[in-house]
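Chemist: Chain A is fixed; fit chain B onto it per the hints.
Protein sequence lines, in the order shown, are assigned to chains A and B. Under our numbering, the residues of the first sequence are numbered 33 to 431, in order. Under our numbering, the residues of the second sequence are numbered 33 to 431, in order.
There could be a bad hint or two in this list.
In this list, chains with the same sequence are indistinguishable; a pair is considered to hold if it fits within one copy or across any two.
[Stated by the list, open to error] Okay, derived cross-link-like pairs now, BS3-like style, lysine-lysine, Cα gap no bigger than 30 Å in a straight line:
hint	residue 1	residue 2
1	Lys206	Lys70
2	Lys114	Lys349
3	Lys346	Lys131
4	Lys346	Lys71
5	Lys131	Lys71
6	Lys74	Lys277
7	Lys91	Lys125
8	Lys132	Lys346
9	Lys206	Lys114
10	Lys145	Lys128
11	Lys346	Lys91
12	Lys315	Lys114
13	Lys58	Lys125
14	Lys91	Lys58
15	Lys199	Lys58
16	Lys125	Lys231
These are calculated hints, taken from the structure and not from any lab test. On a predicted model such as this, the values are computed, not experimentally measured, just so you know.
There are 2 protein chains.
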Amino acid sequence: CQNPHFHQISFVSLSTWTAFPNFDGKDRVLDISERNYKKALKRYDLLCLFYHEPMPANKGLQKRFQMTELVLELTAQVLENKDIAFGMVDSQKDAKVAKKLGLEEVGSLYVFKDDRVIEFDGELSADTLVEFLLDVLEDPVEIINNAMELRAFERMEEDIRLIGYFKGEDSYYKAFQEASERFQPYIKFFATFDKTVAKHLSLKMNGVNFYEPFMEEPAVLPGRPLSEMDIVEFVTQHRRATLRKLRAENMFETWEDDMDGIHIVAFAEEEDPDGYEFLEILKDVARDNTNNPELSIVWIDPDDFPLLTTYWEKTFKLDLFRPQIGVVNVTDADSVWLDMSDDEDLPTAEELEDWIEDVLSGRVNTEDDDEFADDHENDHFVPEDEEEGDQDPDEEDDE
Amino acid sequence: CQNPHFHQISFVSLSTWTAFPNFDGKDRVLDISERNYKKALKRYDLLCLFYHEPMPANKGLQKRFQMTELVLELTAQVLENKDIAFGMVDSQKDAKVAKKLGLEEVGSLYVFKDDRVIEFDGELSADTLVEFLLDVLEDPVEIINNAMELRAFERMEEDIRLIGYFKGEDSYYKAFQEASERFQPYIKFFATFDKTVAKHLSLKMNGVNFYEPFMEEPAVLPGRPLSEMDIVEFVTQHRRATLRKLRAENMFETWEDDMDGIHIVAFAEEEDPDGYEFLEILKDVARDNTNNPELSIVWIDPDDFPLLTTYWEKTFKLDLFRPQIGVVNVTDADSVWLDMSDDEDLPTAEELEDWIEDVLSGRVNTEDDDEFADDHENDHFVPEDEEEGDQDPDEEDDE
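Isolated chain A (complex conformation) (with noise of 0.2 Å):
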């Protein structure tokens, strides 16, 4: 190498890419067509289907295409070790295909694992995807053994979990894991074998524990032994938690079960000693109305969406260094929040209970501030608005 600066800077380049390979560019998404997708369903431990619209005309949505592809070309290249192959359905060209594999949501991301189909419903980022696909390909029911893995079970405070007790892995077992399978991965499925472990949970031989986000006591499935749909029957009534935290991994699932149409939004920075004290109160406050099947509060970490929380400040007019709660009108976006504005005290669980049911009861509601606001101030990203108004804004990623 003639050039002394060129080889210092390969030099260096080479001893950090060595720790962290960079993409690639490598094409690694298949095209789907009639031809090939029996053959990659059966080759594959996962198949994960991207079914989009043909190519758009209008430049901004083509340029929104190319990210979801290199977002899922990302995605293959990190995770080429593994058994998992990623294609693209054109929802006019493959018509066909779409049609035998069922695909009906244009936008939406399909993973194929053994017979069954799940739907990615999360933010679509190699971050999140990477984390989705690995848990998929993991066993549904995760086995523990001994006190510490059930230490780590017991740290789980914000998953909903279950928990089962079985001799070993004989037909009771095996309904509960086929229910596992139905909620993979969104709900966790834990199971023991062992009479210590079982103890400690209070877990009576074929019983199964249901664990609510942030709550103390687990609910105990009625009934003992338990068929697959007795579970599948109880985690479906049961999964809205009182307060649920909202994850990248299934963000729009959560999003879209609102509560006639309108959430419940805490925004709390678990790292920040405000966020936290908070998010005590507030676990408090859902412990208090576990009870209530009218009451679910979203706890959004800011920390968790760098890309969403200046949005999010400009659309709810909110600071978001300090912790938040209010409620959220989902189809405009239009909101009210409690008054916090005092630096040292935040309400008490009491208060908050109060405007908890003055929110229940209407009392408090996103229209009620209307006639002293300008009417447009939270409509900004609303698609009328859209330059590009020719197309629905998010049918790509979003349902």
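Modeler: Just chain B, lined up with the frame of chain A:
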């Protein structure tokens, strides 16, 4: 709308979209040239320029280039309400501009703020870049006014922090502020004008404390009052911590700051009970050895790097669900790892210190085991094996 299914989809999309807007694909990144660069410099609080090679002929590298462009476009969209402009500078076409602006390393991102240039030396993802730029936008010195802010300050044990006590915004404070600008946003500078806060930190008037990550006691900068250069020199000498956490925002810089071609690397998930426990042991070891200039351990929390974890597991032949510590040769990624395969017992602080002593003395090194290993196993990712061997693999981003 004639199609009820489509109608439903667009309704659902609208509700999620008002909460989570998507990449809109609009062009916001400027093509910088001799005609527009001065205006861009003057007009915005920040100007963020990506200095790149001309569009490569190789298809894989073109895709990587596209990815970089899209990351910048997405970042620009997210921050469009802040006063930041983004631009691309072509090393060939715009060579004159690059020279005038002092851009040197192709593949680097330069941020212009007032009369300073800050090089971004982190992972080129929208998440990381957004957080970095928001940090750069803030004042380089944060004022600690009260007990609550002090508590937040004391919890930041992962960061290098300085705090000074000043009468007010006098010339001594100004010297501190000028010094802070040289390290923003990588090293955090705080100041207080409050006697109670100062007393709590044992700070004397015009005194400055330096907090090394994970250490309980700060170092006091020698001399009072301090000039800008006093502070800059002290920080430059002490910034390589005994235990430093790898962060996406400056991971390349950290990795390039190796010790004689090696890094001692510890993998530990803070959220995992085992990882947490191991980290506590590591902190003890670091505290005992804080005065050893030969020792600097890079702690990597795999949770922070979902896109790299599978690669590290493969390259280093590790199970990253468990904590690990080893020595990595930065040029060839050859490595040796401490055997901690016993499920229940982590090493004690003493055992870890013995092992570290063996590493520092060369008794444990990455070459010893090579005669037993397949020489090429770890070389999979070095350029000789690259199919696209015509280009340095990461000249785009990693210098």
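Chemist: Now, for every hint given, state plainly whether the structure supports it.
Modeler: Tested hints:
In this assembly of identical chains, the alpha carbons of Lys206 and Lys70 lie at most 30 Å apart only when taken from the same copy (28 Å versus 69 Å across copies). Taking the closest pair of Cα atoms, Lys114 and Lys349 come within 30 Å of each other only across two copies (15 Å); inside a single copy the shortest separation is 44 Å, beyond that limit. For the identical chains of this complex, Lys346 and Lys131 are neighbours neither inside a copy (41 Å) nor across copies (38 Å), given an alpha-carbon limit of 30 Å. Only between protomers do Lys346 and Lys71 lie at most 30 Å apart by alpha-carbon distance; the minimum there is 28 Å, versus 48 Å within a single protomer.
Taking the shortest Cα distances, Lys131 and Lys71 sit within 30 Å of each other inside one copy (17 Å), while across copies they are farther apart (54 Å). In this assembly of identical chains, the alpha carbons of Lys74 and Lys277 never lie at most 30 Å apart, being 36 Å within a copy and 43 Å across copies at closest. Taking the shortest Cα distances, Lys91 and Lys125 sit within 30 Å of each other both inside one copy (21 Å) and across copies (25 Å). For the homomeric pair Lys132 and Lys346, neither the shortest alpha-carbon distance inside one copy (44 Å) nor that between copies (37 Å) is at most 30 Å.
For a Cα distance limit of 30 Å, the shortest separation of Lys206 from Lys114 inside one copy, 26 Å, qualifies, whereas the shortest one across copies, 55 Å, does not. For the homomeric pair Lys145 and Lys128, the shortest alpha-carbon distance inside one copy (21 Å) is at most 30 Å, but the shortest distance between copies (55 Å) is not. In this homomeric assembly, Lys346 and Lys91 come within 30 Å of each other (Cα to Cα) only inside a single copy, at 26 Å, whereas the closest approach across copies is 39 Å. Within a single copy, Lys315 and Lys114 get their C-alpha atoms no closer than 39 Å, and across copies no closer than 35 Å, so neither meets the 30 Å cut-off.
Taking the closest pair of Cα atoms, Lys58 and Lys125 come within 30 Å of each other both inside a single copy (24 Å) and across two copies (27 Å). When the C-alpha separation of Lys91 and Lys58 is checked against a cutoff of 30 Å, the pair qualifies both within a copy, at 24 Å, and between copies, at 8 Å. In the homo-oligomer, the alpha carbons of Lys199 and Lys58 never lie at most 30 Å apart, since the shortest distance is 49 Å inside one protomer and 59 Å across protomers. For a Cα distance limit of 30 Å, the shortest separation of Lys125 from Lys231 qualifies neither inside one copy, at 57 Å, nor across copies, at 72 Å.
Of the hints listed earlier, those the structure fails to meet are numbers 3, 6, 8, 12, 15, 16, in rising order.
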